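Student: Knowing the structure of chain C, use the given hints to seat chain R on it.
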Amino acid sequence: MRRVTPDTIAVVDLAVCDRCGLCLPLCPPEAIHLELNVLTVDAATCTGCEKCVAPCPVGALAMIPLVPSPHPESLVNA
Amino acid sequence: MPDVDVLVVGAGPAGAVAACQAKRAAPELDVVLLERDRAVGAPVRCAEGVGDAGLREFANPDGADWVSRKITDVIFEAPDDTQVVLAGSGVGWILDRTRFDAFLAAQAAAEGAAVLVGTEATAMARNGDGRWHVRVKQRGTEEIYRARMVIGADGVETMVGRWAGLETRVPARDMESCAQYVLQGIDFNPDAIYLQFSHAIAPGGYAWIFPKGVGVANVGLGLVALKTDGRNARQYLDAWIDRRFPTGARTGYTVGGVIVHTTIKKTYTDGVLVAGDAAHMINPLSGGGITNAMKAGRLAGCTAAAAIRGNDTSERRLSAYHNAWMDMLGEDHLKYYRIKQALEHMDDAFLNSLARTVNKIEPSKRTIGRVFTKALIKHPQLIPVAARFFV
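Chains C and R supply the protein sequences, listed in that same order.
All residue numbers for the first sequence refer to the numbering used here, where the first residue is 1 and numbers rise by one.
All residue numbers for the second sequence refer to the numbering used here, where the first residue is 1001 and numbers rise by one.
The shape of chain C in the complex, shown without the other chains:
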């Protein structure tokens, strides 16, 4: 699978997140995890598709720019 590093990735605001788990099955690369009452988005797995953002009933997910890496090698695997 070709994976290009996205320009933006999803982040969760844990002060807003209700831990309902709605976003987990929406995530195509399964980058969102809910364990011990903490929701996390795995930045290395998130493809920036944004599918989790609008459906969040409380708006706890948002996209943020991914800071460009000073070592851009191996970002694209054919």
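Mixed in with the good hints there might be a few duds.
[Said to hold, decoys possible] Computed beta-carbon distance windows for the label pairs:
id: 1; chain 1: C; residue 1: THR45; chain 2: R; residue 2: ASP1037; range: 24 to 32 Å
id: 2; chain 1: R; residue 1: GLY1118; chain 2: C; residue 2: PRO6; range: 35 to 43 Å
id: 3; chain 1: R; residue 1: GLU1143; chain 2: C; residue 2: GLY59; range: 36 to 44 Å
[Claimed, not checked] Partner residues aside, some chain C positions facing chain R, computed with beta carbon under 10 Å:
id: 4; residue: ASP18
id: 5; residue: PRO25
id: 6; residue: LEU34
id: 7; residue: ASN37
Read the hints as simulated data drawn from the structure, not as lab findings.
Note that the structure is a prediction, hence the values are computed from the model and not measured.
Cβ atoms here follow ideal geometry from the backbone N, Cα and C, with glycine treated the same way.
Tutor: Only chain R this time, still in chain C's reference frame:
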């Protein structure tokens, strides 16, 4: 390393019934029911409505302390607030899920299942010994459970299915984002549930009032985010309540997702069954899932017990569970899903006009058949919707 026969993940209606039935079918088995939260049934992420017939297959609601309210009427509301009253259209119940789920878990415990709260499965893998090794965390400690059968009843997150390699992801168009308040001090008919359909109020879903008592109700809505104007479910709900019940006291609040899709293609694999919301076993028209979950849990528990007794937990054997579910309700859900897709093209002006058509039928003669016939004659655009029911 605890060794168990059946490990049930999630103590909602699907899991509790699965654990109860597995133990009842095969009392010699070790059955463990895991609940991640500190209490079975809390937090409630549900509008708590359930039909009478389905509920009675599992429990008697008459006088039960886990019932909040008996319902006799259904009131549909058009976008312009035109009401279509279906009085005496059937009996239903609004449950108290904190008590109901605890009641079901207690039944599983009474059969001899071990119920563990505050106990979370965090990973699992199939081992060479033919058992599933499930990592379980409880109060800071971690143990590996060895299980011959794992039943995934872990709700919308459906992690057991994911760990087992089943396809449990949901397209965004089939996810309803829901928000709900418990509202106190509001004026409505406490014997009726209200369902309001409107793209402006709840695009792609509907808004509801489910009575918990006189003047108290679960008031919420579900919507499809792809169809909204950018606001989230809570913002849509606040707008609806501000208009409709501006003086109501918001004494409770919950949010969650309802998967309005159809049963996942495969609900089983070697040593694993998935049941309830986790397998998308929800009526995609109504969003109702409680009795679906209990029926699936009953099938899963019985199938798991028989498989262990027969010393064959292979996916070939467990496929009987999937087939039985599809025969019982899964095929119906496919039909309902097609109807839902057809209804998505009806706009608010059409819904208003449909409500007025139905209201021309005298309330006492308002049978489903008459409503259906009159609606089809007056609104030919419904014919493709009706046709989908039969294809």
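Student: Please go over all the hints and tell whether each is borne out by the structure.
Tutor: Results for each hint:
no., hint, in the structure
1, C:THR45 to R:ASP1037: 24 to 32 Å, "holds (26 Å)"
2, R:GLY1118 to C:PRO6: 35 to 43 Å, "holds (37 Å)"
3, R:GLU1143 to C:GLY59: 36 to 44 Å, "holds (37 Å)"
4, ASP18, "holds (5 Å)"
5, PRO25, "holds (4 Å)"
6, LEU34, "holds (6 Å)"
7, ASN37, "holds (8 Å)"
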